[in-house]
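Keeping their order, the protein sequence lines are chains A and B.
Under this note's numbering, the first residue of the first sequence is numbered 260, with each subsequent residue one higher.
Under this note's numbering, the first residue of the second sequence is numbered 105, with each subsequent residue one higher.
Everything labelled a hint here was simulated from the structure, so no lab data went into it.
All C-beta atoms, glycine included, are put in the ideal place defined by N, C-alpha and C.
Take these hints with a grain of salt, some might be off.
Unchecked claim - Short, incomplete list of chain A residues facing chain B, as computed with Cβ under 10 Å: (1) V281; (2) Q310; (3) P324; (4) G335.
Claimed, not checked - Ranges of calculated distance between the beta carbons of each label pair, as one might list FRET restraints: (5) A:Q292 - B:R131: 36 to 42 Å; (6) A:L299 - B:G271: 21 to 27 Å; (7) A:R293 - B:S127: 37 to 43 Å.
Here's the letter readout for the chains.
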Amino acid sequence: MNQSAHSIPDDILDQACHWSVVLGDSRVSEDDQRNFARWLESNPLHQTAWQRLQMVEQELVPARPLARQGSDILQGLAKSRRQRKTVFASALSVLLLLGIAQLLFPYWQADYVTGKGELQQISLDSGAIIYLDSGVALDVESAGDKTIVQLHRGRILVDSSAASPAQKPQVITDHARFTPIGTRFVITKRGDLSELIVTQGQVQVDADGNSRVANAGDSLQIANKTIAPLINNGLAPDAWVDGVIEANNARLGDLLDALAQHRRGWLRYDAKVAELRVNGIFYLNDTDKALTSLSNTLPITVETHAGWWTNVKPK
Amino acid sequence: MSNQTSHPLIETLYRDHYAWLRSWLSRRLACRHTAGDLSQDVFVRLLGRGDSAQIQDPRAYLARVAHGLVIDRHRRQRVEAACLEALASSPEAVMISPEEQLIMIDSLTRIDALLDQLKPRARQIFLMSRLEGMSYDEISAQLNVSRSTVQKDLALALRHCYQVLMGGL
Numbered sequence: 260m261n262q263s264a265h266s267i268p269d270d271i272l273d274q275a276c277h278w279s280v281v282l283g284d285s286r287v288s289e290d291d292q293r294n295f296a297r298w299l300e301s302n303p304l305h306q307t308a309w310q311r312l313q314m315v316e317q318e319l320v321p322a323r324p325l326a327r328q329g330s331d332i333l334q335g336l337a338k339s340r341r342q343r344k345t346v347f348a349s350a351l352s353v354l355l356l357l358g359i360a361q362l363l364f365p366y367w368q369a370d371y372v373t374g375k376g377e378l379q380q381i382s383l384d385s386g387a388i389i390y391l392d393s394g395v396a397l398d399v400e401s402a403g404d405k406t407i408v409q410l411h412r413g414r415i416l417v418d419s420s421a422a423s424p425a426q427k428p429q430v431i432t433d434h435a436r437f438t439p440i441g442t443r444f445v446i447t448k449r450g451d452l453s454e455l456i457v458t459q460g461q462v463q464v465d466a467d468g469n470s471r472v473a474n475a476g477d478s479l480q481i482a483n484k485t486i487a488p489l490i491n492n493g494l495a496p497d498a499w500v501d502g503v504i505e506a507n508n509a510r511l512g513d514l515l516d517a518l519a520q521h522r523r524g525w526l527r528y529d530a531k532v533a534e535l536r537v538n539g540i541f542y543l544n545d546t547d548k549a550l551t552s553l554s555n556t557l558p559i560t561v562e563t564h565a566g567w568w569t570n571v572k573p574k
Numbered sequence: 105m106s107n108q109t110s111h112p113l114i115e116t117l118y119r120d121h122y123a124w125l126r127s128w129l130s131r132r133l134a135c136r137h138t139a140g141d142l143s144q145d146v147f148v149r150l151l152g153r154g155d156s157a158q159i160q161d162p163r164a165y166l167a168r169v170a171h172g173l174v175i176d177r178h179r180r181q182r183v184e185a186a187c188l189e190a191l192a193s194s195p196e197a198v199m200i201s202p203e204e205q206l207i208m209i210d211s212l213t214r215i216d217a218l219l220d221q222l223k224p225r226a227r228q229i230f231l232m233s234r235l236e237g238m239s240y241d242e243i244s245a246q247l248n249v250s251r252s253t254v255q256k257d258l259a260l261a262l263r264h265c266y267q268v269l270m271g272g273l
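One chain only, chain A, in its complex shape (with noise of 0.2 Å):
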């Protein structure tokens, strides 16, 4: 029988916790051995809880040759957390107001933010232009000559074909720094990765320590200081800048993924839809009528409740 499928009872592990402390002591009797040979041998369950328990106290033998110093070193850890902690907890009150602000409005000190379905388009004295998707959210820094873009949240696009080389803008996402070599490029910086598009020129790429230069036409996704090939999802990468989205061969859950980010409210899909192959150009300012020509043309009905809830489903 599968022993490990028995969970320990709280009574039965604290036995098996009360027999290890009685048989490390120093001073054990016989009698203290005898009677914990019989209690190990009434219960197949006692069995299991001693293993376990021996396996516990396993996690201590590679550290025993420290003795005194490994005791120390634990030690002096916990003492700093403890104190740490005590210093934490005044500072608590302040952060807390902090951080509520920050998680109902995450980017709420960004220089620039885009709520959904807003577009927007910066012109930087070099002449270069950042154009802001929807759900943008990004600080602009002037040191000197140089522009820095720390983009946050969201993406854009950079076409600094009228900045001079020396004033051309670095982006820089927590994933990587981008510095525009040629022309125009499309950056997305979502959750865990930051995403590269070069549609004209180069742009260098430095992720903590590994570096590429990527030419048009190169799609790349940076994660975890690593630089890997992006697969292209067949919605063309700079169509938003012209207010739509333009769709070749692309999946359904892409495109709808890619209008839920201009829609108000939600918008949602059945995975069995997700598969489909679309074609085609929508606008972004009225996602009801792309919905409308999707419906027409694909094996899907569309649901709209109240305005704000948008159900995607096989017909």
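Dock chain B against chain A, hints included.
Here is chain B on its own, set in the frame of chain A:
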């Protein structure tokens, strides 16, 4: 393949316990995706060990391997820094090899994670007894507490470690 004999066993382990391990890990990690990745890692480690034929209590064994993987990076860094500082300040210990250093850091990190949240006195008594090898009489004399307090705290600490390492089993 080099250890063909252990692969069917690992397959059985995987089939019988993968879902359990994943839910065990996700309770500790609060992230289902990481839990899935780590569950895979646990089995990858098993493949590298080749001693799986001796596993009697698979879930306890898996939980123990997984414990090492859920320890966060910061804890390890702090233990590492404390170890290096201790080494630097004690001339007789400077002789230990890099491998020994690594084992020391690993093992102390695991113990530190195991004892987290345990009340200070129980923590100290547990370390004096199980790491330093002091007798209950010695501990009771040094800390100026009764022998039965030493035993009670020790049982509490064992129970705590069990919960951390095998809790929910």
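Enumerated hints in conflict with the structure, sorted upward: none
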